[in-house]
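Peer 1: Please take these sequences and the hints and turn them into a complete structure.
Residue 59 is where the sequence shown starts when you use my numbering, and the numbers rise one by one after that.
By construction, these hints were calculated from the structure, which means they are not laboratory data.
Computed from a predicted model, the values in this text were never measured in an experiment.
Heads up, a few of these hints could be off.
Claimed, not checked - Label-pair restraints from in silico Cβ distances:
| no. | residue 1 | residue 2 | range |
| --- | --- | --- | --- |
| 1 | E242 | N198 | 47 to 55 Å |
| 2 | Q254 | D182 | 44 to 52 Å |
| 3 | A270 | S244 | 36 to 44 Å |
| 4 | Q139 | Q222 | 24 to 32 Å |
| 5 | E115 | Q139 | 29 to 37 Å |
| 6 | R195 | A226 | 22 to 30 Å |
| 7 | G152 | S205 | 22 to 30 Å |
Cβ atoms here follow ideal geometry from the backbone N, Cα and C, with glycine treated the same way.
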Amino acid sequence: MAADIGGVAMISGISSEGVSINGLISALGSSPRGCSNCSEDSTKTQEAQSTSPNKSELTEEERREVEELKKRDAEVRRHEQAHKAAAGGHAKGGPTFSYQTGPDGRQYAVGGEVQIDTSAVSGDPDATIRKMRQIQRAANAPAEPSSQDRQVAAQAAAQLQAAQREKAAEQAEKVAGGQANSAEESRQIGNAQEVQAQQVRAQESKIQDAQASDARGLEPTGGRATENASNAAAAKLYEGLQAQDGPKPGRFIDVAA
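Peer 2: Next up, the structure:
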């Protein structure tokens, strides 16, 4: 991609592999050669052709055109290199250039292209956010971004926002899931506490019933014990009386007159 230096910048749109950032700038002024000899081969060099005219044979207008082509060539290369450097690993190879043959018979870069992968990272919004931010930097890296550069940056911004919404939705889902789990845990804890309380109440009831039963059982037992003790004491007293010297049971006592 090249800056628009007195010409018309034409940049291709999104390709099937990503974004094709391609700058094609028309020749300055009127040139009999125009751009009909432009080549898309990035391996082209600026070597003079065998039929190159001697520089001294160029007209003043042709010499001016050669100087403009040299400036454009340098600008195109700087422009594309800025994209490449900022894109990092998202650039698919190095820059490729289109060339124009100047009046001096040399090849000059008048357009360039850097293939950049702009696809979202499936299932990873964080990675997509990082990637789109880098693509924005790559699109705006040249000193004079073209209209297509700005369009690419805008497309990356849109994908970045979509990834941010996806991330926010995932976080909200996690929070909701955590709250549901917390509510379920609280319910289970409440149920366990209720069961424990019921067990305690049941145990207390058993203890109270046992105490009441013991209290009822002591009353008759105590009465019988007292009665038996009294009977035993009476029998012992009777035996004692029999052992003393005195009238025996069943005998009459003669009393002298």
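Peer 1: Confirm or reject each hint.
Peer 2: Tested hints:
| no. | hint | result |
| --- | --- | --- |
| 1 | E242 x N198: 47 to 55 Å | 50 Å, holds |
| 2 | Q254 x D182: 44 to 52 Å | 46 Å, holds |
| 3 | A270 x S244: 36 to 44 Å | 39 Å, holds |
| 4 | Q139 x Q222: 24 to 32 Å | 31 Å, holds |
| 5 | E115 x Q139: 29 to 37 Å | 34 Å, holds |
| 6 | R195 x A226: 22 to 30 Å | 23 Å, holds |
| 7 | G152 x S205: 22 to 30 Å | 24 Å, holds |
When the structure is compared with the earlier hints, no violation turns up for any of them.
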